[in-house]
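J.: Using the sequences and the hints given, assemble the complete structure.
Protein chains: 2
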Amino acid sequence: MVEMARLDIVQGDFWPCLERRLAWEGVADETVVATVREILKAIRCRGDEALLEYTQRFDGLEIARAPELEIPISRLQAALVGISREQREALQVAAERITAYHRHQKQESWSYTEPDGTLLGQQVRPLDRVGLYVPGGKAAYPSSVLMNALPAKVAGVSELIMVVPTPKGEMNDLVLGAAAIAGVDRVFTVGGAQAVAALAFGTESVPRVDKIVGPGNMYVATAKSMVFGQVGIDMIAGPSEILVLCDGRTEPEWIAMDLFSQAEHDETAQAILLSPDGAFLDEVTEAIARLLPTLERHEVIANSLRSRGILIKVEDLDQALEVINFIAPEHLELSVEDPQALASRVRHAGAIFMGRYTAEAIGDYCAGPNHVLPTSRTARFSSPLGVYDFQKRSSLIQCSPQGSQTLGRVASVLARGEGLTAHARSAEYRLKG
Amino acid sequence: MVEMARLDIVQGDFWPCLERRLAWEGVADETVVATVREILKAIRCRGDEALLEYTQRFDGLEIARAPELEIPISRLQAALVGISREQREALQVAAERITAYHRHQKQESWSYTEPDGTLLGQQVRPLDRVGLYVPGGKAAYPSSVLMNALPAKVAGVSELIMVVPTPKGEMNDLVLGAAAIAGVDRVFTVGGAQAVAALAFGTESVPRVDKIVGPGNMYVATAKSMVFGQVGIDMIAGPSEILVLCDGRTEPEWIAMDLFSQAEHDETAQAILLSPDGAFLDEVTEAIARLLPTLERHEVIANSLRSRGILIKVEDLDQALEVINFIAPEHLELSVEDPQALASRVRHAGAIFMGRYTAEAIGDYCAGPNHVLPTSRTARFSSPLGVYDFQKRSSLIQCSPQGSQTLGRVASVLARGEGLTAHARSAEYRLKG
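As given, the protein sequences belong to chains X and L, one line each in that order.
No gaps in the numbering here: position 403 of the first sequence is 431 in my numbering, and each next residue is one more.
No gaps in the numbering here: position 197 of the second sequence is 225 in my numbering, and each next residue is one more.
No lab work stands behind these hints, which were simulated from the structure alone.
Predicted model, so just to flag it, every value in this text is computed and none were measured.
C-beta: ideal position from N, C-alpha, C; glycine also.
Heads up, some of the hints might be wrong.
[Stated by the list, open to error] Okay, the calculated beta carbon distance ranges per label pair:
| id | chain 1 | residue 1 | chain 2 | residue 2 | range |
| --- | --- | --- | --- | --- | --- |
| 1 | X | E232 | L | E343 | 27 to 33 Å |
| 2 | X | V61 | L | Y140 | 41 to 47 Å |
| 3 | X | A92 | L | Y140 | 28 to 34 Å |
| 4 | X | E232 | L | Q430 | 51 to 57 Å |
| 5 | L | Y140 | X | V30 | 38 to 44 Å |
| 6 | L | D294 | X | H132 | 30 to 36 Å |
| 7 | X | M246 | L | E31 | 29 to 35 Å |
| 8 | L | S112 | X | K69 | 50 to 56 Å |
| 9 | X | E365 | L | D57 | 55 to 61 Å |
[Unchecked claim] Calculated Cβ distances over 10 Å to all of chain X for the following chain L residues:
| id | residue |
| --- | --- |
| 10 | Q150 |
| 11 | R277 |
| 12 | D310 |
[Claimed, not checked] In silico lysine to aspartate or glutamate, DMTMM-like type, Cα no more than 20 Å apart, as pairs:
| id | chain 1 | residue 1 | chain 2 | residue 2 |
| --- | --- | --- | --- | --- |
| 13 | X | K460 | L | D310 |
| 14 | L | K341 | L | D310 |
| 15 | L | K196 | L | E90 |
| 16 | X | K69 | L | E47 |
| 17 | X | K69 | L | E58 |
| 18 | L | K69 | X | E281 |
| 19 | L | K134 | X | E136 |
| 20 | X | K69 | L | E53 |
| 21 | L | K69 | X | D57 |
| 22 | L | K460 | X | E281 |
| 23 | X | K341 | X | D41 |
T.: Shown next as structure tokens:
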């Protein structure tokens, strides 16, 4: 039996209790910070030499020369042929759907011309080169390769460099096959902070990139936050979360399994069920008890539900919305009768799964939207990974001779008001008599 | 006479020389980090009490009760009435133009329905509440209030909270007037790391926000980077830069003044002139020598040009483009005959000022585009501040019963490939027969 925390919105201390239960601070300890700082410095100063040393030390990879760290594209193609036909086709369907969806996100340049001939706009361009970090070992997820690589490809990024550690030389053919499908341009068998450093600074073998995306452990996350500024990075992800809102009319076992599907990620993952129907919360609790022993990852799930899971009783759907917008969940499942009406009132969520048939897992793999989503309540201010993360904009301004007269006068007044007289005079030079 | 570094692309060591001259690392020293960490902790634990203490200590503001830290909106309106008519009108013209331009950036929600009834899309929403940091004292810039506040307003942010230190009670009416025009909702007279902390964590008086934008000193920048994750932040800006490309046929004095207009910001600002015409580089050098003594901020300018300025001789416009894309300048001025043709080949720049009549200063104040731009070569991967920084997206997924059959099978195969069987089973539950 798993004891999950249960809250009722009518309790006087509901909101502080909820906030405490949500709290998460992923702080890297000082030892990690110091280690990563040393690794970054070594790669920056000694390039490939240091990269080889660390890869030997941490991954037990006996490679004599840095160029051997690169996996040829032919090896990716071989991996794709080597996996089962069912898996290959599933990866291909997923890739096609992810690509189709992300095409809708592509931003185009725009401009307009004012009556006096002044042109204003924004020019949108893809990033030149992007680095994609892929974890090795147990948490080697081909879906993560597709989700990170394809938006970059849709954006038009010209070169996509993947790094993936291969401890003791062990490669994951699903991951390599996914890289082949996604059109990754080059792959290096390096990982950890040293791989992040190689991408950020470049080495003799690994080209320097403009942005690094993809999940990783504490060392990878710390390295990414330290090279930020030198290169762009994606969000540093916290534990995965799901919030299911159910009106009590979906199969309790379906809902239990949806909660499990987040909880099985790791023990810090958070699964929350919200319902106006107290009896339904009991039914799901029973379904959890019944189903849990049948799951491969039941220990992880039990620990996650025990330490971070929550069952919340609300009075009605309006209150449910209030709780949802407070939590700003990464994954929100609206297992209710009219999910679209409710979704339009959701202000903060990474992804919204609407209706009884939309298992969150479908979004993780193949519906089309990205599975890299804002966690730990950051959906209040951030968005799913998308094509827009691999494009950037340059403002365009061309003053006509006439426009420079009117605008120049305004700029001159404001610049002098700020005491910036060179600004004022550079505008005044363009004024005619 | 100002000795500016001069490089020629034909030199063998041109690229490394250029890279060294561009290098900039804004590292906060350990003392700053420790001080800021202490301030954040104090505000988080003791709220208003600590905020009052710091404001008294750092700004010499004798205020007994925290509510007195708020400036009433009527005071902003009074400031607007109090400034000169010319200034008020200039601020209003600027605000109208900035608003009109930024409306083009507003993103709308979108969705599409597949043949089997599955709906996919993205819901776009504004942030709830945004904090705007405005520096006090010397660098009090009303233009900065407009540039940071108006995109948030266009995005539909419901509450905009401004903080501005008022050392010894001194207020800047241009700044307050700009806040009135921009429609800032509340203003607090606090600054430094304590203001950032108050916005990030909330105190009894200052409401907690979802994102903090706006420039500030080293303490402010350090505090922003430390609260990132808790709230969103904008880019941490480095020194301002301009790169002017001139074909040699613009008035040398105009170009000299354009270089000054960046150099006058501070001694770390960087002004670069690129030309295929060596004689023109000499003419601008002479114009610099001639004009410099006539400028109020000539000492700052001289120091900036001496320590960071560069004159670069290229062979032709193709080489110029190569240099531009390498530098990825914050401000790029194309003072050439056909600037649009050239601009379309620029891959990396914060803002592109096209033609001989487009002084960069016009973009700083009133052309319409934002003056908050990526510095220190980060235009390789980031964009001007815009409406998109105050909106965020939620993915939308609604599987039809039929869609959940096809997608559920694909998800199941991929989830099992990753060893995530709860994921697989939650999709399989929705399969019929």
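J.: Are the hints correct? Go through all of them and say.
T.: Results for each hint:
no.	hint	in the structure
1	X:E232 - L:E343: 27 to 33 Å	holds, 29 Å
2	X:V61 - L:Y140: 41 to 47 Å	holds, 45 Å
3	X:A92 - L:Y140: 28 to 34 Å	violated, 53 Å
4	X:E232 - L:Q430: 51 to 57 Å	holds, 54 Å
5	L:Y140 - X:V30: 38 to 44 Å	holds, 40 Å
6	L:D294 - X:H132: 30 to 36 Å	violated, 43 Å
7	X:M246 - L:E31: 29 to 35 Å	violated, 49 Å
8	L:S112 - X:K69: 50 to 56 Å	holds, 54 Å
9	X:E365 - L:D57: 55 to 61 Å	holds, 59 Å
10	Q150	violated, 7 Å
11	R277	holds, 15 Å
12	D310	holds, 20 Å
13	X:K460 - L:D310	violated, 26 Å
14	L:K341 - L:D310	holds, 11 Å
15	L:K196 - L:E90	holds, 8 Å
16	X:K69 - L:E47	holds, 19 Å
17	X:K69 - L:E58	holds, 18 Å
18	L:K69 - X:E281	violated, 44 Å
19	L:K134 - X:E136	holds, 13 Å
20	X:K69 - L:E53	holds, 14 Å
21	L:K69 - X:D57	holds, 17 Å
22	L:K460 - X:E281	holds, 15 Å
23	X:K341 - X:D41	holds, 14 Å
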